[in-house]
Structure formats: structure tokens, C-alpha cells
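Visitor: Using the sequences plus the hints, can you model the full thing?
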Amino acid sequence: MKKTATVKGINGTVVKAVGFSIMGEMVHIGEKKLLGEVVEISKYIIIQVFEDTTGLKEGDEIFGTGSPLSLTLGPGLMGGVFDGMGRNLKYRGEFLDVGIFKDITNKWKLDILVKEGDEILENTTVAVISETSLIKHYIMSPFSGKVSSINFQEEYDKSDTLLLLETKKSIREIKLQITWPVKIPRPTKNKEELKIPLITGQRVIDSLFPIALGGTAAIPGGFGTGKTMTMHQIAKYAHADILIYIGCGERGNEIKGILDDFEKLKDPKTNNSLMEKTIIIANTSNMPVSSREASIYTGVTIAEYYRDMGYNVVLIADSTSRFAEGLRELSGRLREMPAEEGYPAYLSARLANFYERAGFFKNLNGSYGSITIMGTVSPQGGDMNDTVTLNTKRYVRCFWELDRALAYSRHFPAINYLNSYSEYVEDFNEWYIKNSSSDFLKNREKLINILISQKKLEDIVKLIGEDVLHDSQKLVLIIGEIIKKGFLSQNALSKKDSYTSLEIQNKFVQIILYLYERASSLVDMYIPVSIMKKQGIFTKIMNMKESDYTYSIDLNYYFNDIDSFYNKLAQEYEQVWQ
Amino acid sequence: MAIIYTSAEEIKGNIIQIKSEESFFGEKVIIEQDGIIKNGQVIAIDNDLVYIQVFEGTFGFSLNNIRVRLTKEPFLLNLSPDIVGRVFDGLGRPIDGLGEIYGGVRKNINTPAINPIFRDYPKGFVQTGISSIDLLITLVRGQKLPIFSVEGIFHDKLAIQIVSQSKIYENNEFYESTSVLENDKYPIDEDNYIVFAGIGLKFDTYNFFKNSFMEIGNTNIVTFLNLALSPVSERLLIPRVALTAAEYLAFDLGKNVIVIMTDMTSYCEAMRELSATRGEIPGRKGYPSYMYSDLSSIYERAGIIKGKRGSLTLIPILTMPAGDITHPIADLTGFITEGQIVLSNNFKYPHISILPSLSRLMKDAIGSGKTTKEHPVIAKKIFEAYSKVGYARDLAQIIGEDELSNEDKLYIKFGMEFENVLLKQDYTENRSIYSTISIAKELLRIIEDE
Chain X
238 MKKTATVKGI
248 NGTVVKAVGF
258 SIMGEMVHIG
268 EKKLLGEVVE
278 ISKYIIIQVF
288 EDTTGLKEGD
298 EIFGTGSPLS
308 LTLGPGLMGG
318 VFDGMGRNLK
328 YRGEFLDVGI
338 FKDITNKWKL
348 DILVKEGDEI
358 LENTTVAVIS
368 ETSLIKHYIM
378 SPFSGKVSSI
388 NFQEEYDKSD
398 TLLLLETKKS
408 IREIKLQITW
418 PVKIPRPTKN
428 KEELKIPLIT
438 GQRVIDSLFP
448 IALGGTAAIP
458 GGFGTGKTMT
468 MHQIAKYAHA
478 DILIYIGCGE
488 RGNEIKGILD
498 DFEKLKDPKT
508 NNSLMEKTII
518 IANTSNMPVS
528 SREASIYTGV
538 TIAEYYRDMG
548 YNVVLIADST
558 SRFAEGLREL
568 SGRLREMPAE
578 EGYPAYLSAR
588 LANFYERAGF
598 FKNLNGSYGS
608 ITIMGTVSPQ
618 GGDMNDTVTL
628 NTKRYVRCFW
638 ELDRALAYSR
648 HFPAINYLNS
658 YSEYVEDFNE
668 WYIKNSSSDF
678 LKNREKLINI
688 LISQKKLEDI
698 VKLIGEDVLH
708 DSQKLVLIIG
718 EIIKKGFLSQ
728 NALSKKDSYT
738 SLEIQNKFVQ
748 IILYLYERAS
758 SLVDMYIPVS
768 IMKKQGIFTK
778 IMNMKESDYT
788 YSIDLNYYFN
798 DIDSFYNKLA
808 QEYEQVWQ
Chain C
31 MAIIYTSAEE
41 IKGNIIQIKS
51 EESFFGEKVI
61 IEQDGIIKNG
71 QVIAIDNDLV
81 YIQVFEGTFG
91 FSLNNIRVRL
101 TKEPFLLNLS
111 PDIVGRVFDG
121 LGRPIDGLGE
131 IYGGVRKNIN
141 TPAINPIFRD
151 YPKGFVQTGI
161 SSIDLLITLV
171 RGQKLPIFSV
181 EGIFHDKLAI
191 QIVSQSKIYE
201 NNEFYESTSV
211 LENDKYPIDE
221 DNYIVFAGIG
231 LKFDTYNFFK
241 NSFMEIGNTN
251 IVTFLNLALS
261 PVSERLLIPR
271 VALTAAEYLA
281 FDLGKNVIVI
291 MTDMTSYCEA
301 MRELSATRGE
311 IPGRKGYPSY
321 MYSDLSSIYE
331 RAGIIKGKRG
341 SLTLIPILTM
351 PAGDITHPIA
361 DLTGFITEGQ
371 IVLSNNFKYP
381 HISILPSLSR
391 LMKDAIGSGK
401 TTKEHPVIAK
411 KIFEAYSKVG
421 YARDLAQIIG
431 EDELSNEDKL
441 YIKFGMEFEN
451 VLLKQDYTEN
461 RSIYSTISIA
471 KELLRIIEDE
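Top line first, the protein sequences correspond to chains X and C. In terms of this note's numbering, the first sequence has 633 at position 396, counting the first letter as 1, and numbering is strictly consecutive. In terms of this note's numbering, the second sequence has 82 at position 52, counting the first letter as 1, and numbering is strictly consecutive.
Hints are computed from structural coordinates only; laboratory data are not their basis. Among the hints, erroneous ones may be present.
[Unchecked claim] Some chain X residues near chain C, calculated using beta-carbon distances under 7 Å:
1) N248
2) L326
3) Y328
4) G489
5) K493
6) T521
7) A576
8) A589
[As the list claims (entries may be wrong)] To list a few chain X residues with every Cβ distance to chain C over 10 Å, as calculated:
9) E410
10) H707
11) V813
Treat the numbers as computed from the prediction; the structure is a model and nothing was measured. Even glycine gets a Cβ: it sits at the ideal position worked out from N, Cα and C.
Guide: Take a look at the structure:
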């Protein structure tokens, strides 16, 4: 490293310098070698520092690295906790000091899959490592060329040379690790259409507002609406190979909670710890703001690296509002002209850059992989028209709005079933017919219609009371309540209720709709809803998600129950009429 | 030998500029003028110009009659076990006339962030003796739980009641692994330590706190005081100074510390004032855009560190201007802290408004082995029932109470009873969690007997 510039001024995390520099270059500043990035070159070089600048003074030396902010990608990432710059937190103290840290690495045993003389393409797998019990790490060659020699060792360090590759221009060393600039997406062959839903086991999502494998979703919600809990549930249960959780500007205890949780939680398929397939990027709110911005890019770059190996990655960014606020804070320090609400004018472009890195891809090496991005948004003052929410809405196709009123009544996940949407759902029709139920879309429509009418009726009831309603309307109120309490609301803390497979979800929907249909015919026979209520069937259906029966015996049991409820009342009343 | 500068370039608000190439960012500066010593801190450097913020104000300064000394160190606080029972100003200087603190350690008031993976997740139940908090918004050892108040109610009394009655129960991995305690419900038998930071306090309020601390007879109190008349820029340091002392007690001496900070609104206003003086681009309602990061650097210092004995529980109090919970101060605080206790003048003392209140950490601190097995279920039922009360009351206003369905009538009755029996509580009344739960069970009978 050589000295390239000198510090001239310091204001918070923004440093002014004179000397030579490249736009976007990563630099080390002063004795402690603080990390920074060049963001402007004018009369002065303006550097954004990713760490606390206390102690810097005028005249301190700046060392250029000659390359943009990059990440070292290689085995050892899985199961780790990193800060926004990709530095492993495990190797640092109780309090986070600043500067450069030596990354302690394991030795890896690997299987080499190529032999001398092989012609390989870019991103071809040359070796494989069992990184954790769940994840195989494929070492990919960053270049195309001919394998000229292989270096056989018992064990390899991340920085050891694995083989030599003869490319068109020169001979290259292929190591276990590569570096990649975080702000540049890794290349792929093709971005495919999204036709497969990502199953999360959360009923309101899978049955009403499903997200695609490779899709994007935003989860806006003010504080206290159960945003974090909802994210955790998805993280635990989504059908994905790898999970990347970015805690961006969130609480320290929350990160610790996730870590504890995931270590204890078992992956439903393999019964291994969930941490074995998880990477956490933890940049808590009190860590420096510039690395908060970087954490988002760090996360998505790691996601792309594993996608190239052919994995389906779910990336959760919690929260993108903190990312946007970080941008605003930095923009303010750079004295840039503010746009809406003080956010910089490039906020929208930055969000697009992030969300557009999601997708279902054909990789350069011919494998398929996906990145599904879910970003939480914390709207200022709970206002759904805030700048970050609106800008995010333009780039996501799923919108799960968390509702404070639902949260207050302890209805979780508090996803508002009237204002949320999924633009994907029609695209999945083919998949549903093949893998689930051919009535899926039809039934979903019915559920939503009941919920809408229930909402309208509730407004009337608020004004004039329930007594004036017709029995058919009273029935809608009851069925709506069953859908809300018995189906949409899901208890994350209950073992039985925490996860529901799509198959059982379909059954639940069919049972509820069947009950509605049968009860409606009873209403047509002038049987009062108050009598029906006494039969206990409504309560039974409402509680089926928590009932032991549901998971031990055939769900058709409930259909029979509804039938006997129907027959009993129908017969009784036939006699009365006669 | 420290360098002394005898002239300034510019004086503006509480900020002075001097020419120097020696100073570093964040350095502590001593300014002397006519024998009066004031403290300052380097807040920006631009070429050879150094911007110094003066905490006691720049009134009376001129460009030539001052002596500025660079101390070559950041802001440090003298700490020793002797700080307990003492009163300090916002910069950590004793103001009780009992002399300086000697010996011990000197700590930087800006500690780096706690490494999240070295935290211990807070799980210990704290019994405050206030039914509504214990049952529904449980305070947890090591939590940061703010009180959102409004003008005209007794949030100070509530704060005193919480600190005087609190019994902290330990349950963290440190004890589990060393098996010092067989029973995780074992309360700590020594008194809790209290660190009190008064930020921009009215004199009367300060008096109230002072007298109350004497009344409750807990001598383990460290007080940091900035009165409404004290210099505004001192308010920017006082939370950090108080937390440094609290961290010392908690993590160095292994005590269970509860930090009370009141009023955070004064802190944020001081931040806004300084930001305006510096000509920064204002964010929401004129507050600087870095307010979130700044507040989190205060609140996030609460917690428990793996392998250390003590804990730091933080209860900041803030008044919501015009009772607006979406005001930036309340909004940003709520996003950083682990829940909030919202007060409202619609309710009698302790004024707690249940529905918007929340404790995010309570689920791990209640239930079997902690409080009672039924606690989580009862809390959930009470919440659900009480959220229906508001609806029934709205309806009653429109159609009259007589016209309500039987169910709604029961909810109205439940609401009344809940507010009068469980919510309402006397300042001196200390209810154990067990009696709180039996009151709650009794209340639920009203609606479950239908």
C-alpha cells in the first residue's frame, strides 16, 4: 500500500483530502487504517469513511487500494455474521474497534472436478467443498481457458492457488477465493420469467399474496406492527436453499436474537441447525452509517455468488428505510441538494439497483439459480405514502402491508388483507394446476370477496348495529371472522400453527368455503344464523388450525362434520315446517 | 506540553473557529477567558481551520482575549466506585461540593458499538410492581424501554415508582453456564443501581427527583444534571456521560443498573439547535438527518454482554410534542428501542395507554419458570378483549348503550373494570406479578362467563 493523498478536512464521516485518487476507490485513512470510499473528486477528494473518524487529523496519510469497494468471496461465509463491509464479527472484540482485521480462515478439504488439459468456461465449477452440513460450496473459475496444471494439497487455505489456467491472454492463478466489487452485479446468461411461487408456510402470503421464486416484495409497517416477527417466520420456513439476512440499521439485541434463534432452529427438511444455511450481515443502528449503505450491496453480492453455484437464495433486507436514511444522512453531509423529504434525488435509482438484482437466472455455467429479495420498510410515522415506501413500490411486485390496527388486536402476521397485493399470482396458474389445486385462483378470489364484503358490512354495523342485517349478511360476518381468525392469523409461537404446508392451506380454504356454501343453503331455508351458531361448527372450524385432529387425521373429517351439521339442521327444520 | 492558541478566527453561536494544524477530530479543548474555564470539542476540521463547540456557551468571548488549549485526548470521564451517591453536571464534573473523583479509571464517553454477537439476549423478568407494565408491557433486564409522555401528567412519578419497586430477576447464560444460581427466578438481593440523567430539567422537577430518591432510601444513585437554565450544548454530552458511568457500574463492577433519562425531547432540541448553528441541511421538522444514528448511539448502549455479570436497562423518558406519536423524536425512538410505554391523560395514574404500548422482549421473560405458566395466554386475552372495548364504546356513543348486543355490553363492563381495577394503581402500591395475574383472571371472567 502506498500513500496517495493527505487529509485536509473532517466533518463527521466525510473526509476531504488532496492528492491522487480514482472515483469509487477504496482507501485506508490514517494510522488506524480506517476504511473509506472516494465519492467525489473536485478541488478536493471527498471520501466517505465507513468507521468512526474520532482521532483523525489534518495531514493524516491516505493509502489507495486502486480498486473499488470489494468483497472477498470464498468458503467460510456460510453460517457467519459479518458487518456491512463483510468483515467477520466473530474475530472482533466485545466492542467494535476500527481498522483492518485479519480474517482467520479455516483449512478446507476439497474434491477437484477438472483435470489437466480441460477447457473450461467462466464460472465453471472446478472443485467442491462441504462448507456446512447443508451447503456444498462450488469453487468456480472466474475465467475461461485451459487447465494447465493443478496444485494438489491435503488441505487448502482460502488464498492458496488451486490451479493454473491458460487464458487467451495469459496464465492465471485460480484460488479458492475471488474478489468482486459490491456495486456491480455478477454477470449471468439470462434472466428468466418468474412462474414458480416461493412457499413460505405463512397462510396469508401463500394463499392470498404469493411471491415468486426470484421475485421481490416489500413489507412496510410502522414500529410495533410485528415486522420483524413476520420476517423471522419467512426466514425460518421459506423453501429456499440459502438465507441471507441483512440487519441494516436495526437493533443489536434483535441481531443476537436472530442468531440465537437460528442456531437453535432446525431446518425442517434436514433437521440441522438453520445457521448452516444462513449468512447474517449485521450492521446495527449504532455502527457507522456509511457501512449501513454498503451492507445492502454486500448482502446482495454474496447472494449472487451463491446463486452462481445454482442455489435458490432468499435475501431479507431489514430495513431498507434505514438504508435510505443512511443515504440521506450521507447526502446531507456531502451538502448535496435534497429532493423529496430531504432524501437525495438518486434514492429511487439506488433502490432500483438493489431490487433489480433479484430474479430467476440462467447462470454463465449453465445452472439455474434465483435471488428472492424481501425488503422491509419502516414508514415514517406509519404513513404508507412516505417517500421510501412509494419509491419501493415502483420496483417490487409484492406488497405486504402491515397494519397497526391488526397488530393492536394481536392479529399476526398483521398483513392487511385488503391493501396488500401480489402481481405474480396470475402467472402461477399453470404451476398451481400442476402442483397444487386447479381451483386455487378461483378459491382465492372467493376468499377475497368475502373479506371485502365483510369489511363493508362491518362499517354498517358500526353505524347501526348488527340486528338490522339480513341473515345472509350475518353469515358473511361470521365466515369473514373465521377466515381472519381461523386462517389468516397465524401464531408464530405455536408449534402446530407456525408453519402450514400449501396442501393443508388449500384444504383449509376448501373447508371454510364449503362451510360457507352449506350454511348459505341453510339461510336460504330460513334457518336463523343464531341457531347455526349454537351448533358449535363455526368455533370448530375457526380453531382447526390449532386442533390436534388437523395434523393427525384426514382433513375430510371436517367436511363430514359440516355435512352432519347441515343435515341435522335441515332435517329439524323440515319437520318444523311440516 | 499542550499548545495554547490565543486568538480565534470566528465566533458564531456556541462554535468558535481557530487556526491550527495539530488538532484531531473529537478532541477535547479547554478554553480560558478571564480566569473562567470552559470546555469544548472539535466538531469539524477544514484545512487549517478547526471548529470547536463550546459547551458552556461563548458569551463574553472576543477574538483576542481567549486562550484555547488542545488537550490531545478525547472526552474522558473519571470513574471509580466513589461516583455512587454523587451529583455531577452534564460534563461529569462534581457539583455537590464533595470534591473531585480520584483514582479509578478514565473512560472515553463515546464507546464503540457493542459487537452484536457478544450480546446476551435479554431474558430476565423485571417486576416493577405496576400491574399494567408487568402483565402487558413487561420490562426485561437489559432492555431499552422508553416512556412516551405528554405534558401535564406525572411521568416523573411513574419513573420513580419503577426504579424504587423494580426487582430484577436474572436469567442469562452466564449464570446458567456457571450454575451460580439453581433457581433462575432468584431475585438479586442487593439494591439495583440507578443512574439518573436530567436533561434540560425544570428546577421543580429536579427537586422532585432529589426528594424522591431520598425517600426511597436507595443510596446507589449516580445523578447527572443539566437544568433548563444550564448551557444547551452540554445536553448533547450528558446522555453519553451518564451511560459511560452506567457502563462502568454494569460491565466493570457487575451491577444491575437502571438508567433513567429525562427528557430526551430536550436532547433532540439541543441537537436541532446546534445543527442549525452549523448551517446543516435540515431533515424532518428541522431535526438533522443524522438524528436516527445519533439516538441509536445512545439507546444501543443498553444491554447485557456475554460473560459479564451486570446489566444496563435503559428507560428514556420523552414528551411527545402535542401528544403526537408520529413526531420524529417519538417515531425514531420507537424504531430503535425495544417497545414503548405510552402515557395518555385519558387515564388515571399511572396514565398508561395499553393499546399503543408494547414490550418487544417480553415473550422470553414471561411464562413458566419466569412468572407463571398462564401469563402469556392471559396477557393475550386481555389485549384482545380490551381492543374490542374501544369498538363497543364507539358503537354505544352512536346508538346508545341500551341498544348494544349483550356481548358488547359485557365488553363495556370489562373495559370499565379493567381501567379501574387493573390499570389504575396508586403511586405507593406495589403489586406482585402473582396478584396482578389473579386480578387479570378475575377480569376475564366478566367476558368468559357469557
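Visitor: Any of the earlier hints contradicted here, and which numbers?
Guide: 3, 7, 8
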